[in-house]
Amino acid sequence: MSLQSAFVPLSELTTPGNGRGPIGAVMVVGGGIAGMQASLDLAEQGFKVYLVESKSAIGGHMAQLDKTFPTNDCAMCTISPKLVETGRHLNIEILTNTEVLGVEGEAGDFTARLRRKPRYIDPLKCVGCGDCEKVCPIVLPDEFNEGLSPRRAAYRLYPQAIPAAYAIEKKGIAPCRDACPASQRAQGYIALIREGRYADALRVIKEDNPFPGICGRICNHRCELACNRNLVDEPLNIHALKRFVADWAGTTERGPVQPIPQTRPQRVAVIGAGPCGLTAAKDLVTLGYGVTVFESLPVAGGMLRVGVPEYRLPSAIVDREVQDIVDLGVDLRLNTTVNNLDDVFAQGFDAVLIAVGAHEGKKLPIPGADLPDVLVNTQFLKDVRLGKYDDTAGERRYAIRAKRVLVLGGGNVAIDCARTAVRLGAASVAMACLESREKMPAHLWEIEEAEAEGVTIYPARSFKRILEGEGRQVTGVESVNVTFMEFDAEGKLALETEPDSEHVLPCDVVIFSIGQRAGLAFIPADAGVGVTRQATIAVNPNTFAATRPGVFAAGDATTGTAFVIEAVAAGHKVAGSIHRYLSGEALEPKFAPDLPVVKMTRVEVEEKLRRNEIRAAPRVPMPMIPAAERAGANLSVRPNPFAEIEQGYTEAQARAEASRCLACGLCSECLSCVYVCGVQAINHDEVERVEDIKVGAVILAPGYQAYNAKLSQEFGFGRYPNVVTALQFERLLSASGPTAGHVKRPSDGARPKKIAFLQCIGSRDQTHDYCSAVCCMYAAKEAIMAKEHEPDTDVHIFMMDMRAFSKGYEDYYRRAQEKYGVRYHRCRISALKEDPQTRDLILRYVGRDQLPVIRDRSLAAADHCSLITDHFDLVVLSVGMEMSPAVKQLGRDLGIELDPYGFCATAQFDPLQTSRPGIYAVGPFREPKDIPETVVEASGAAAQAAGLLAPARGLLARERAYPPERDVSGEEPRVGVFVCHCGSNIGGFLDVPAVAEYAQRLPGVVHAEHMLYTCSQDSIAKITDRAKALGLNRVVVASCTPRTHEPLFQDSIRAAGLNPYLFEMANIRNQCSWVHSRDRDAATAKAKDLVRMSAARVAALEPLRTMPVSIERAALVIGGGAAGMTAALALADQGFPVHLVEREAELGGNLRNVFYLPQNSDQSSVISHQSSDPQVFLSHLIARVRANPLVTVHLNTELADTTGFLGNFTSRLSDGSEIRHGVTIVATGGKEYRGEAYGYGTDPRIVTQQQFESLLAHPASNLQLPTSIVMIQCVGPAEKYCGRICCATAFKNALRLKALNPKAEVTVLYRDIRAYGFKERLYTEARRAGVRFIRYDFDRKPTVEIPNSKLQASNLHAERPISNHPLPITVRVWEPVLGIEVELRPDLLVLSTPLVPADGARELGSKLKVPVDADGWFLEAHVKLRPVDFASEGLFLAGAAHYPKLLDESLVQAKAAASRAATILARPTLTAGGAVAIVEQSKCTGCLTCVRICPYAVPKIKADLAGVGHIAGAAYIEPAICQGCGLCAAECPAKAIQLMHYRDAQVAAKVQALFEEILA
Amino acid sequence: MTRQEIPNPKDQIPSSAIPEAAVAPSWDLEVGSGDFHIVAFCCHYCAYAAADLAGSLRLQYPPSVRVVKLPCTGKLDVLMILDAFEHGADGVMVAGCMEGDCHYQIGNLNARRRVHHVQTLLKEIGLEPDRVRMFNMSSAMGQKWAEAVAEMDAHVQALGPSPLRKPSPQRRNARRGDRDAAPAVARI
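The listed protein sequences derive, respectively, from chains A and B. Counting along the first sequence from 1, when you hit position 1078 you're at 1736 in the numbering used here, and nothing is skipped either side. Counting along the second sequence from 1, when you hit position 188 you're at 509 in the numbering used here, and nothing is skipped either side.
Hints are computed from structural coordinates only; laboratory data are not their basis. Even for Gly, the Cβ is constructed at its ideal location relative to N, Cα and C. Incorrect hints may have been included.
Among the chain A residues that face chain B by a calculated CB cut under 10 Å, a handful are [to be verified]:
1. N730
2. G788
3. D1469
4. Y1470
5. Y1503
6. S1829
7. S1830
8. D1831
9. Q1833
10. K2193
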C-alpha cells in the first residue's frame, strides 16, 4: 500500500458536491450533549445545522443526571445554558420527533430523508404555558424520571426542555374511534368520565355526535366490537358510558343557549328532522348558514322519535337533544310536508338536503295482507309513539290489548314491535321469521330480552297466507317450515321448505316487519332528482350530491335502513359537502390521510397482563328493571309499561367502568387541550411527514441506551421494587426528580439506610465483551451523593475493577472511600433475593477486603475469606451502555459499518470517520465513553465537517437584519409595560389587569397593557409596533423568566430600533402566580412591586454598544506531535494559516516511539482497509504538514512570550521572530516517566513499556526476546493518578511478545485493570493468550530484588539471549486469591510508567497565563463542557498536555481544539462590549485588586493610562474578553470599576423602588 | 361503590413506579404572612434558576421575598447590602451557586466573605447580624430555594421588622390590596 492511499482521510477521497461546491449545511443526528456541542460549533463557524432528535426535546441523558463526576457539578446547571444557546441559535434548526430514514448522495452533497412524527402541538405557536398538561386526563409513566413518576400525555419532557414547547404522546387513534362511522372520540370521553369531568366529556361527545343520550341507548356500538379490551376480558360498555354522560347532563340545569348568529348569506333547507338532517343542520348553523328544517310529523327526531319504542329510548331524551340543536338557531318547522323541491328553491334556499329517512314499511304480497288487523312495523310503532294506542286517548284504531299478536320478521324492528305489543297488553305475542334462530338478524341480547318478556319465537317459517275469519278478522297465518334460506349477493332469496309442513300460527293481529324504504312520493319524476332501483335517492357517495345541482341527500333515504350513528356520520359529511358547495369549492372532500389505528395483538395484551400493566376486570353490569316487573301482564303493578328498561350507570359505576379503558392510543383525543389552548397550537389530526433536506455532511451522535436490566433476571429488576437502575437512582437523587431529591425506596418510600451498587450489569459479561467506561465513576458519584444527602447511609459497591482512568478520577475514587466511607468489595454478585416481608434485598458474597490484611503467609486463603449474607434496603444496578435497535437501524439505513453490538466502526487514524465519507460518528456510538470525551468528539467531528465544507462556510447561515438603532440619549424615559396573563398561569392567580393598570401610573410609564401571551408571535409583533408608534424608549415585560425569554423580547424591541439593553423583565409567573397561587392578593401585590422595581431599573438603564474587534485569522499551535500536527492541519484545511512551533529538531513527538497499536484480533469496530502502522501514519502526517502552504513549521523553537487577547495575540518565539495570531492551541504532550521505582535504572533488564515496545518492534533476532517477563502496573506517579494508557499498552506489548514467542510467560502485576471501552476486548484476549494477571494493593506492593548485575545496557541489544541469566531478578508479590506470596524470576521486568507532563509545561502555562493542575497537566475551563478550552478565551489544549491519551484520543482532541479555535477564526470580527466591566481610570489607584480577583486574568495595569491624580498606571479591562461577572467591580476599593447593565445605580434603583411606595 | 374503590388510573403505571407518597410529595411550606420585605440577591446561573424551578414545580413559599438578579453574587458589594437595609429591608438573602460550582469560579466565595463582613457591621450598629444570610443552591434545587425563603421568612418574622425601616403607615394599608383607596402620590 502506498503512503498516499494509506492515510488520505476518507473525506478527501471525493470531491465534494460534484464540482458545484459543497452544501454549507450539516445534519447532526441526536440532540444530546454531543449533538448540541457539534451543532453549536458548526453554527458558530457559519454553517447551517439541522439538529435531528427523536424525542420531543433535546438534552439527552445528561439532562437526566443529577450531578456529574468528578466535580459533582449540577448537571442541569452545566447543560442548561447550552440548551438555551442551541435553542436560540439562528443557524440551528431543531427537528424534534424526527428520525433519519436514509441519506443519499456523497460527501458535500447529501440528501437526507427524514420522518417527522407529529407532536400535535406546533412548537412555533406553543408558549409553554402548560395549560394542556393540566387538563390532560391521560396518565403515563414519566420516561424522563425513568418511570418513577407519572406524567400526562400532553407533556414537556422536563421543565427546562428545549424547545420549551409541549408535545402530545399519541400512538394513533383508538380502535373504538376508528370503528365508529362518526369517528366518535370514545377513548376521550371515557378518560374524562374516569376523571369525573362529565361536562368536558359531554363536550367532546358532542364534537362528533349531537345525540349522546340517544346513541348511548340505541347505538349498535361497533366501537365495542373493536375494543382492544376484547382481548383481555370484555369490551368496555362504551355506549352505557356515553349514556351516563347524557343522563348526567339531563340532571343538571340547562343554561340558556346563545343562538349562533348567521354570518353567511346562504340559507339551507333540510327536509326531515331525523338524526341525519339534524346533524347536518347543526353543523351548517355552526358554520354560520341559515338553516330551516322541514318535518312532516308533529315531532322532530325522525325514527328516533317515532320508530324506536319508548322503553328503549324515552321521548324526553330525544326531545332534549333535538332542542339543543334547535336552540343553536335552527328554524324547525314541524307538521310541514315538503311536496315540491322547486317550491323550496323558490323560497330562497340555496341548497336542499333531503334526509327523509325510510319510514315506509313493507308487506309481503300474500293473500290476506290487506286485512285491517294486518299492520306494518313503522306505522305501528309511529302510532304507538304518537299516542294512538294510548288507552286514555280515546282513539283506538287497532286494539292490541288482550289480542294474540304475531309479528312477521326477525330483525330488531320486529323485536321492537313484539315487545311494544307486550306492553300494550296483548294476550300473547309471537314472532315468526324466515331465518333460523341462529341467523335471526336481530341482536342476540334483544332476542333474549324479548323472550324474557314472554315473546314466543317461531323461527324458520315461510308465510303462505293470512287466514281470514268473520268480519275480516285475522285468525292466523298459514306457514311452512323452512329448511334452507339464503340471500345471494344480489339480494335474491333462495328458499327450501319442508314438504307437508303447512301449519297455522293462530293470531288476531299480524304485524309485518320485513324492512322499510324511503317515502319518496314528494319527489316528482321531473324534479331532476334521480332515484335508484331500491327506491333510494341516487347520490354521489363522496359528496352526497343528488343529480340536481344544489340538492343533496343523505341518511336512510339514500342507503336504506341503517343505524343512527350512520345517519349522524352522513349528516356531518353532507354538511361539509354543502358547505363546500356554497363556498364555491370543489365538491369532493380534500384528501385526508388515514390516521394510524392502535390495534393490540393478543401477544401484546398477554405481555401487558404479565407485567401487571393491565388487570382483568369484568364489565360493570348495566342495572335493568327485571323482566318480571316489566311485562304486560303486570301492567297493574307498573304504572308505566313503557318505562325504560336499562336504568343507566350510577356515577361510581360509570367511573369504575371507565377506568377499565386501556387508553390504547395513549392520548385519548378528548380535546381538553384544544379547548384550553389559548394560542390554538394543538392539532390532533397532524400526521407523519417525510421530508428531504440537503446537507454537506452528517454527524451521528445518537447516544446510548441503558442496558435493560430486566434481561438480567437474576437481579430482580422489574420484580423487586427496591432494585433500581443507576439512572433511576440518579432521578431519585435529583432535586427536580420524582422525590424532590430525597432518596426514597420505591416499595415503601422509606429512606434507604443501606445501599448496594452492583457493577457491570450489562457490561463485561457473556453478552457484552466491552466495558461501559462510565459505570465505575457514576456509581462512585451516586454513592457520594447518597452520602451527602444522608451521611449515615451505608453504601457498598460490588465491582471487579475500579475503572477510574481519566483526569481526576482516581482522586475521586479515593475521596469516595476516604472522605465518604463508601465501601468497595471486589466481587461480582451473581444473583440476589428479596425478603418478601421487608422487601429488603439479600446479597451473598465472599468478604475478603473488609478483613484486616493478614500478612502471615501460613494462613491459607480460605481462612480469611468468608461467605457473607447481607441485607440491603436498596440495590442500584450500574447498567451499561448499549446501542438501541433504532440506532442499529440508523446505521443500516445509512449504509455505514457497525460492529455486532451496533457500535459504529470508524477509521484507525481518522477516528470519527465512518465507513461512508462525509458521515462522522461521535460519542458512545463509537465506543462507550463519558461526557467530556463525548463533547471532545463532537467538536472534533464539527472540525471535520467544517474542513470538508469550508468553501461553503457562511453560504446558508442567516443573520438577523435590524433597523438602525434609535438614539434615545437625552430623552426622558418613556416606558412601555406589557403584562402577561400566560393563559391562566398568571391571570388565574393574580389580577393581571390591575397590575397593568397600576403600571400605567408609575413614573416614566407612558403605556401599559396586558396580553394573553406576551411571547406569542402576534404579541411580539405588537410590542414592536407599540414601541414604534408610541415612541417608547424603554420596555418592561412582566411575564416569566428572563433566562429563557429575555432574548426574545430584546429582539422585539431591537426590531423597533431600540437598543436591546433598554429592556427589563419582571418575573411575575415563576416568582408570583406559581408560588403564591393560594393568595391572590399577596401575589398581585408582589407582582405590582416587581413591576415597579423593573420600571425603576429600566429607567436607569442605558444603551450599551458592542463594537467589532478585528481578528488575526491565524493560529499558533505549540507542540509538533500528533496532536499539534492534526490540529494545525484541521485549521489549515479550513483555510486558516497556522504557526506550528516544535522545540525539538523534528516533528512527531511521542508518536515516534509508537510502533504498533493496541489491536485485538476482532477489528469490527475499526474500518479495516487502512494500514495500522503508526509510523506510516506519522510519516504521512508530517508530509501533509510539510506540504500544506498554510502551515509554517518552526522547529527547534519555543515560545518566548505572548501578549494580547482573544483574536489579537502577539507572540515572540525563541528564534526572535514575532507572530500575530487570533488563537493558541497548546499541544505540548507528555513524556514517559523514567524515575526510580522498582529498581529502574539499576539493571538494564528493568525497562519501561516504551523501551520494551522498541525492543519488540526491532528485535535483532528472536533469540534476544525474553521468554519470561513480569510487568508491574501503576508505577511511580501512577500511584497518584491513573496513567490511563498503561493497561492498554501492557496488553499490546504482552500480546506482541506472545505473538512473537507463544511460549513466553507474561505475568502482569496490577492494581486495577482499567481496560475501558473496547480495551476490555484486549484484556480478554491477553488472558486467552495465557497472560497471567496478579492483583496487588498499594499497601502491599511487589518487591524487586536485583542481583549485583554486570549486565550492561548495551547487552540488551546484543545477539546473545537475555533469558536464563545466571543472576535473575526476583519479583515477589502477594497473591490475594491464593493468599500466598508468589516469587517470579523474569528475564525482563517491564515497568508501566505513566506519562508525565512535558518539561517546561508549568513555565509555558505561566507565559500563557493558563493554569496547570497539581500533577502538572494543563487545566481545562470546564471538565465536562469545555474540555479543550482554557478558561482564558482564545486558548485551547489538545493531546497529552491535558492528560495521558491514546493516539486516537489525541487525534480527536486535536480536531476538537481546532474546531473550538475555528469558531473564533471563522468570524469576520469579534463583538466586544455590552454587559462588561469598564474602568473609570481617573479613579483608579492601580492597586491590582482587580488583577488579583479576576478569575480570567483580564484586567491589566497599563502604564500608558493615567489613573487617579494623573499618576501613570491604571487598570484596563479588555471588553473583548471580559466575562461580565462583575467580581472586579464589587471588589474595587476605589469604585473605579462599574459593570455595565449592572451599574450600582441600576441595581440600587430596583432595591430603592421596592421601598419607595407609590400610592395611587 | 364508593369513590375510593374506583381503580386509580395510576395503577396502570409499571410496577417499578414508586408509591403515591413519593410521587406526590407535599411541597407546600407553611406560607408565612406579615408585612415585611426580604430582598434576595440571586445569581443568574443557579439561585435565580432555582427560583424559576420552584415556580415550575408550583412550590408555595411566603410572599415576602423580592428577587434582584445579578450575573453573579460576586458582583454584590457590601454597600449594596447595606443600601437594602438602609431603605427598609427587614432581611437580605444572598443566594449563589453551590460552593465550588460558581459559574465564575470564585464569585460566590467572595459573596460569602462579604456577607460575613456585613454581618459584623450589622452587629456593630446593633442590628441582628443574621438579617443577612448567604444561601447556596444549584439550579436544580427548586425545593431548596422554597425552603430557604421559608426559613428566612420565619427567621425575619421572629426578629420582627427592621428598626431601620422608615415608618410608612400607607405601606401597611397598601400591602393588602386596598391601594386604590389611597390618594395618588407618585414619587420615585
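Hint check:
{"no.": "1", "hint": "N730", "in the structure": "holds (8 Å)"}
{"no.": "2", "hint": "G788", "in the structure": "holds (9 Å)"}
{"no.": "3", "hint": "D1469", "in the structure": "violated (14 Å)"}
{"no.": "4", "hint": "Y1470", "in the structure": "violated (13 Å)"}
{"no.": "5", "hint": "Y1503", "in the structure": "violated (25 Å)"}
{"no.": "6", "hint": "S1829", "in the structure": "violated (46 Å)"}
{"no.": "7", "hint": "S1830", "in the structure": "violated (43 Å)"}
{"no.": "8", "hint": "D1831", "in the structure": "violated (45 Å)"}
{"no.": "9", "hint": "Q1833", "in the structure": "violated (43 Å)"}
{"no.": "10", "hint": "K2193", "in the structure": "holds (8 Å)"}
Hint compliance for this structure: hints 3, 4, 5, 6, 7, 8, 9 are not met, and every other hint is.
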